[in-house]
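If you read the protein sequences in the order shown, they are chains A and B. To convert a position in the first sequence, counted from 1, into my numbering, add 261. To convert a position in the second sequence, counted from 1, into my numbering, add 28.
Be aware that one or more of the hints could be misleading.
In silico BS3-like links for lysine-lysine, alpha-carbon gap of 27 Å or less [said to hold, decoys possible]:
id, chain 1, residue 1, chain 2, residue 2
1, A, Lys408, B, Lys110
2, A, Lys420, A, Lys280
3, A, Lys420, B, Lys150
4, A, Lys378, A, Lys283
5, A, Lys384, A, Lys329
6, A, Lys420, A, Lys384
7, B, Lys110, B, Lys80
8, A, Lys420, A, Lys366
9, A, Lys408, A, Lys440
10, A, Lys440, A, Lys266
11, A, Lys375, A, Lys391
12, A, Lys378, A, Lys391
13, A, Lys391, A, Lys373
14, B, Lys150, A, Lys361
15, A, Lys269, A, Lys280
16, B, Lys80, A, Lys329
17, B, Lys150, B, Lys137
18, A, Lys283, A, Lys408
19, B, Lys110, A, Lys292
20, A, Lys276, A, Lys440
21, A, Lys420, B, Lys80
22, A, Lys420, B, Lys110
23, A, Lys269, A, Lys420
24, A, Lys440, B, Lys110
Derived CB-CB ranges, DEER-like [to be verified]:
id, chain 1, residue 1, chain 2, residue 2, range
25, A, Arg294, B, Gly101, 46 to 52 Å
26, A, Asp393, B, Ser103, 47 to 53 Å
27, A, Asp338, B, Thr160, 31 to 37 Å
28, B, Arg119, A, Arg294, 32 to 38 Å
29, B, Asp102, A, Ser320, 29 to 35 Å
30, A, Ala395, B, Ala87, 32 to 38 Å
31, B, Thr160, A, Asp417, 27 to 33 Å
If you are wondering where the hints come from, they were derived from the structure by calculation, not from laboratory data. Heads up, the beta-carbon is just placed ideally off N, CA and C, and yes, glycines get one too.
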Amino acid sequence: MPSLKDLKNRIESVKSTRKITKAMQMVAAAKLRRAQESAEASRPYAERFNAVMAGLAASVGGSDSAPKLLRGTGSDDVHLLVVMTAERGLCGGFNSNIAKLARVKAEELRGKGKTVKILTVGKKGRDALKRDFADLFVGHIDLSEVKRVGYTNAQDIAKDVLSRFDGAEFDVATIFYAKFVNVVTQIPTAQQVIPASFEDEAMGDDSDAVFDYEPSEEAILADLLPKGVATAIFSALLENGASEQGARMSAMDNATRNAGEMIDKLTIQFNRSRQAVITNELIEIISGAEAL
Amino acid sequence: MANTMQFDLVSPERSLASLEASAVQLPGADGDMTAMPDHAPTITTLRPGILKVEAPEGASEYLVTGGFAQINGDSLSVLAEKAIPVAEVTRSHLDDLIAEARASHEAAKESDDQTIVDDAAKLLADMEALGTHMSL
């Protein structure tokens with residue numbers, strides 16, 4: 262049976278924990294709004310980009326002269342998994358869900374006899390995968406110094422990935438991130454970026470129009486494909502940002518509620534023991550008086 | 029014939045402009061071009077330069093650092109990597125861009141591929157020309 266003082270200390274400590282989780286929840290809520298805004302602001306660009314690329318890819322894609330980024334290297338023996346997670350924990354299952362998806366994929370590919378390489382973005386994913394796949398790591402990109410993810414961050418990651426591709430280090434690249442649905446739902450997603458695939462549904466009604474290309478179709482495609490990788494990574498980073506804050510917000514909401522419940526329970530326990538102590542003292546006094 | 033067309037300027041980070049324009053002058057990779065309503069459908073890449081928009085409400089100018097433009101008869105979308113309204117551009121902006129271009133030029137010099145070196149040199153020249161052009 263813990264003493265009254267112990268209980269009091271417990272209650273105080275849970276109370277301050279609740280204050281912290283509450284504050285974290287509110288910070289996450291504010292950050293979530295910002296992250297959502299920037300995710301939405303980036304959407305028009307990504308949509309138009311994909312529409313144009315889908316058109317271009319459809320017209321050039323079939324030919325042998327198509328760039329490697331679109332056509333692939335002709336084999337799929339070496340896979341690069343780009344695992345994008347958060348730099349910070351305390352956000353529910355966010356990081357571990359992404360890591361789990363990547364782990365399943367890596368095991369599956371290894372089972373098929375493919376070579377797997379892993380590039381991690383964000384510290385938490387690296388920590389989660391280190392135990393099983395430390396020997397597969399080819400690099401890590403640290404975003405912990407970045408306050409607000411910008412397109413330049415995506416470009417840096419894309420540059421890293423593309424230089425590895427040019428160096429024939431891998432054949433297929435897949436990015437892992439969590440798609441933001443709402444505050445309680447984030448879907449871990451794997452998306453193949455190299456060779457690039459563009460959904461046809463992204464094409465609008467104007468896809469029938471025959472475009473003039475300046476310079477040539479191939480030159481534009483060669484110019485745009487690397488940007489496509491950066492755009493895909495940028496969208497993923499933003500989705501990830503929103504998902505992280507959403508996950509943290511609901512995790513901290515839960516934590517705050519749990520702390521509240523715990524405080525109630527402890528308070529009841531504290532009051533009961535206090536009363537027990539008082540009753541005890543009374544009994545002692547009374548029995549002492551009777552003995553006289 | 030319509031005398032305006034829908035003009036959209038978007039960068040990866042945000043949408044900068046969406047308005048009805050009567051003519052847009054683009055810094056195309058193969059030379060400047062002006063798109064007006066009912067222009068033949070064209071897709072062109074852009075070099076760093078100034079993009080001029082003429083709209084019934086008035087003209088505006090943007091600094092773009094590359095990207096591409098999709099011209100339809102009745103709409104024009106410019107997808108710029110980086111776009112800044114000219115009024116907001118300062119010398120330090122430009123210096124950053126020039127420094128960046130110079131760095132990539134230096135990096136490209138190491139490479140054996142002549143086209144990469146030429147591309148980087150052109151980018152640098154474009155950036156510097158931009159500064160002169162804007163008399164900053």
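Now the hints, each set against the structure:
Taken as a hint, the Lys408(A) and Lys110(B) pair is honoured in the structure, with Cα atoms around 19 Å apart against an allowance of 27 Å. Using a Cα cut-off of 27 Å, the hinted pair Lys420(A) and Lys280(A) is violated, with the two alpha carbons roughly 42 Å apart. Distance check on the hinted pair: Lys420(A) and Lys150(B) sit about 20 Å apart at the alpha-carbon level, within 27 Å; holds. With a C-alpha separation of about 39 Å, the suggested pairing of Lys378(A) with Lys283(A) is violated against the 27 Å cut-off.
Annotation: proposed proximity of Lys384(A) to Lys329(A) is violated, straight-line Cα distance about 31 Å (limit 27 Å). Proposed proximity of Lys420(A) and Lys384(A) is supported: the alpha carbons are some 20 Å apart, at most 27 Å. Simply put, Lys110(B) and Lys80(B) have alpha-carbon atoms about 15 Å apart, close enough for the 27 Å limit, and the pair holds. About 24 Å separates the Cα atoms of Lys420(A) and Lys366(A), which keeps this hinted pair within 27 Å; it holds.
For the proposed pair Lys408(A) and Lys440(A), the alpha carbon gap of about 20 Å is at most 27 Å, so the pair holds. Pair hint Lys440(A) plus Lys266(A) does not hold up; C-alpha atoms about 47 Å apart against a cutoff of 27 Å. Of the supplied pair hints, the one linking Lys375(A) and Lys391(A) holds, its CA atoms being roughly 19 Å apart against a limit of 27 Å. A C-alpha spacing of about 13 Å is found between Lys378(A) and Lys391(A), which places the hinted pair at or below 27 Å, so the restraint holds.
Proposed proximity of Lys391(A) and Lys373(A) is supported: the alpha carbons are some 22 Å apart, at most 27 Å. The straight-line distance between the Cα atoms of Lys150(B) and Lys361(A) is roughly 46 Å, outside the 27 Å bound, and the hint therefore fails. Using a Cα cut-off of 27 Å, the hinted pair Lys269(A) and Lys280(A) holds, with the two alpha carbons roughly 17 Å apart. Annotation: proposed proximity of Lys80(B) to Lys329(A) is violated, straight-line Cα distance about 35 Å (limit 27 Å).
With a C-alpha separation of about 13 Å, the suggested pair Lys150(B) and Lys137(B) falls inside the 27 Å cut-off, and the hint holds. Using a Cα cut-off of 27 Å, the hinted pair Lys283(A) and Lys408(A) holds, with the two alpha carbons roughly 22 Å apart. Between Lys110(B) and Lys292(A) the CA atoms are separated by roughly 24 Å; this keeps the pair inside 27 Å, and the hint holds. For the proposed pair Lys276(A) and Lys440(A), the alpha carbon gap of about 34 Å is over 27 Å, so the pair is violated.
For the hint pairing Lys420(A) with Lys80(B), the CA-to-CA distance comes to about 31 Å; that exceeds 27 Å, so the pair is violated. This hinted pair checks out: Lys420(A) and Lys110(B) have alpha carbons roughly 17 Å apart, not beyond 27 Å. Simply put, Lys269(A) and Lys420(A) have alpha-carbon atoms about 56 Å apart, too far for the 27 Å limit, and the pair is violated. Restraint check: the Cα-Cα separation between Lys440(A) and Lys110(B) comes to about 25 Å, which is no more than 27 Å; the hinted pair holds.
Checked against the given bound of 46 to 52 Å, the beta carbons of Arg294(A) and Gly101(B), roughly 39 Å apart, lie outside it. For the pair Asp393(A) and Ser103(B), the supplied restraint of 47 to 53 Å holds, since their beta-carbon distance comes to about 50 Å. Between Asp338(A) and Thr160(B) the C-beta distance comes to about 51 Å, which lies outside the given range of 31 to 37 Å. A beta carbon spacing of about 35 Å between Arg119(B) and Arg294(A) agrees with the range 32 to 38 Å that was offered as a hint.
Under the hint 29 to 35 Å, the C-beta atoms of Asp102(B) and Ser320(A), about 22 Å apart, miss the expected range. Distance hint check for Ala395(A) and Ala87(B): the Cβ-Cβ separation is about 58 Å, which falls outside the suggested range of 32 to 38 Å. Checking the proposed 27 to 33 Å range against Thr160(B) and Asp417(A) shows it holds: the Cβ atoms sit about 30 Å from each other.
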